[in-house]
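Position in the sequence shown (first residue = 1) + 281 = this note's numbering.
Some hints could be false.
[To be verified] Label pairs and their computed distance ranges (CB to CB):
hint	residue 1	residue 2	range
1	Asp827	Ala1096	50 to 58 Å
2	Gln817	Ile337	49 to 57 Å
3	Val706	Glu335	25 to 33 Å
4	Ala529	Ala618	27 to 35 Å
5	Val706	Ser532	50 to 58 Å
Honestly, the hints are just simulated from the structure, not real lab data. C-beta: ideal position from N, C-alpha, C; glycine also.
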Amino acid sequence: MELGRGFVGRAGELNLLRAGLAEARAGRGRVVLVVGEPGIGKTSLARELARHAEDIGVPVGWGRASDDEGSPPYWVFRQLARSLDRPFPTGDANGSAEARFQAFEAFADGLREAAAPHGLLAVLDDLQWADAASLALLVHLARDLDRAPVLVVATYRDTEATGREALTTALAALAREPVLTRIRLAGLTEAEVVEQLGRGGVPAELATLVSRRSGGNPFFVSELARLAGAGGDALPDGVVDTVRARLARLSQPCRLLVATAAVLGRDLDPTALAEVTGRPAADVLTDLDEAAEAGIVTARSFKHDLIRESAAADLPTAARLTAHARLAAWLEHRDPARTSEIAHHWLESLPVGDAAKAADWAERAGDQALAQLAWERAAELYRRALDAAPASAADRARLGRREGVAHLRGGEIERGSRALEAAAVAAREAGDPALLGEIALAMEGLSDPWGSFNGAKIAREALAGLPPGDDPLRARLLALHAGEAGFLGGGQAESAEALAIAETLGDPDVLCSALRARQMVRSGPDGVHERLALAQRMLALGEDRDDADALLWGHLWRFDALLMLGRFGEAEQELDALRLPAERLRRPLARWHHLRSSATVAIARGRFDDAVEALQQSFALVADRAHMSLRGVPITVLASVAGLTGRASLVTPAMASIFTEHAPPFVALLHSAWLLQMGDRAGAAGFYRRGAVFEPAPVPATLPVAAAAVEVGAEFGPPEAVERAAAILRPHAGLFVTGGAGSILVTGSVRRYLALAAAAAGRLDEAVRESRLAIAANEEAGTPPYATLARFELAKTLARRGRPGDVPEALGLAASVSATAARLGMAPVRQAADALAATLRGDTPGPLTRREREVAAHVADGLTNKQIAALLHISERTAESHVQHILTKLGCTNRAQIAKWVAANA
């Protein structure tokens, strides 16, 4: 490590980096994270690698992140591009997600070009200070680096990762990439410290003391050695104390100047310092010379970040705020193009500085960041502009809308929604319906079906205040309101009107909104064929405009419709097609849609492990960033997998709480069905009571809710509830049970549920007929889990009907179900099929007595031993003994299996 002259230690780490560079030169790029505490030698190690790269003819580029919040977005990569004499790409005017993806790809292409033909070493220093957009770019680069001749070495302080959300998110994303290597630096050994200091003439005894006091931290070692050489009485115990001891030896004017410079930024500008301090330029230069001689600064910057951080801590608060205000005012007049820096210094000057100017420049910097595709920085700046100074209602609405849009583009759905709702409040106060309408449109496609449709509500308000006419804003608001009204069965006329206006105007943005609205309005089973046509129109629009967002939605709509029609092969092709626009967009929500759709097909095909992996990834994408319904989707589907497979551990208690605390009644009904499949009859009954609350089902969930009502109602009653649900299903007997606007789960042919309803009503011949049709439909579609369930329902119905030939056929079906369920991993239905077969063969350990049957029925009702004892006027010990005898006779291992036996033998 560089303490004086030469490089000591780090042989293993340097060899690892050299090997990574060799791999990169061969076309197998890598990302190496060099991690450690401040002063541990991360940058020195990177410099030594850079020297090696230059020796073998590999070009080297450097970028260094800054803890100065006034640095522009992507600062570390802008420096890297400049060092390689490459342009840094900028986004388009709308700052869309696709524009950011294209800009990232352009930068990646530039790195590949710079790497030809000898490879490239790109060093990114002090990554802990990088802005969120830069970190997103690094993750993007890492995903395709295995095919590029580029080695990226990034250094960061792991001691400063806590609380930096963007950094921790990026590190987690990088950890999933196979190109990543992590090197953690520890202190130099005592022998290495003695060797290095010995080169500078430090006695071995003192070098040993320095090594022990410093823990081998190279920066601390050099500072302690410098103090010892200057004749200090005692060696300080910490790095900061060591640096402060050096700063204390400066003259008072020099120390004050250094502290002021440290507060204002990393780089030294004598002219700016003269302006801020009010001192003659000659005096400033004299003091900087003194600081340079003391090893505090170089000609252009501080010698080490630890020195700057220690110096900045010495400036009193009032002096610090004043310095920021003076520098902001000077920059404003000298170079107003430095928007980000000016905004930073005005904001940091508060409350001493001009609040109005701070708000104004923060908004300008936010606009600039949004245009540069740095959404995270833009959202922060708009929020700081709002907080900086009192603003009019119109200004609050405008800034709040921009903040919300910035959050949404970055995938922060929950934060974006909150910002837009606050902006809507301000727009109402301002009495500006057009601005209110723009806020509503920012929410398009983001409403929460588990909560309130704020987008539609705001759109309705805006429409009421706008003048009549077929203008684009009014048409898009009409479409937004219609689409969300369509969720609960309304919006038919409005969606048709919006579509007609869009076709008249010929505006593609308006047409996208109108198609989206019409698709939601027609999301019930009766609209499945129209949705296919709407999807084709959206795809054509996307292809004409090369619009990845339109292509994504077109493919998703086709996917949903094809699943409902049972055309699974075509749906899988559509799944492959929608991957491309999802990857182009690189939005968390776009990837979420692809993952949840992949899980839907995997479950239907019986690939449960694949489904679980996709669902867990989709949950991680939205866990803390989206409204409750988006978080609830993967949990809801995981619960269904648990029901099919018996793997209750898939849904943690924290996940399960979403159903009790947040889910609306229709979701509770779905959850009840899956609990019943797992044998949790008591839990299923509780959720069934919640879900049975009279409330119209959302139109897209028409088939899933009706199917769940049949399945659970057949178990708990009343019969009329089952018949009502079956009446909803009968007109759609040829379809498959799934949602019509965002299919998250397919539970097989509608006919299986018609068979359940018929069996519950005692119409056994009809139940047998529908079961056979359900088996055929599921087999033709290629959905083995649901063909298996349909066979089991047929076996139970045949056993119950008992005509000649029924029992042998039921036995054969039970054996087939057991074998298929074992292969697929569907433990609950396998156990139930085995129990049915044992009963039909008469080879159970022994019949239950009348009292045991009575106890078994109470167990199936979810009663505890204590409750059974009270009900039957027996002791709790006697009740426990009865339950144990029942378990033994039936060959069961738990109470849930007793409940299944009771249901099968009712």
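Pairwise beta carbon distance, Gln817 to Ile337, judged against the given window 49 to 57 Å:
For Ile337 against Gln817, whose Cβ atoms are near 56 Å apart, the range 49 to 57 Å holds.
Note whether the CB distance of Val706 and Ser532 lies within 50 to 58 Å or breaks it.
Because 56 Å falls inside the window, the suggested range holds.
Distance restraint evaluation - Asp827, Ala1096, Cβ atoms, bounds 50 to 58 Å:
Hint holds: Cβ distance 56 Å, inside 50 to 58 Å.
Determine whether the Cβ-Cβ distance between Val706 and Glu335 falls within the hinted range of 25 to 33 Å.
59 Å, violated
Per the hint of 27 to 35 Å, is the separation of the Cβ atoms of Ala529 and Ala618 within bounds?
39 Å, violated
Hints 3, 4 from the list above are not met by this structure, while the remaining hints are.
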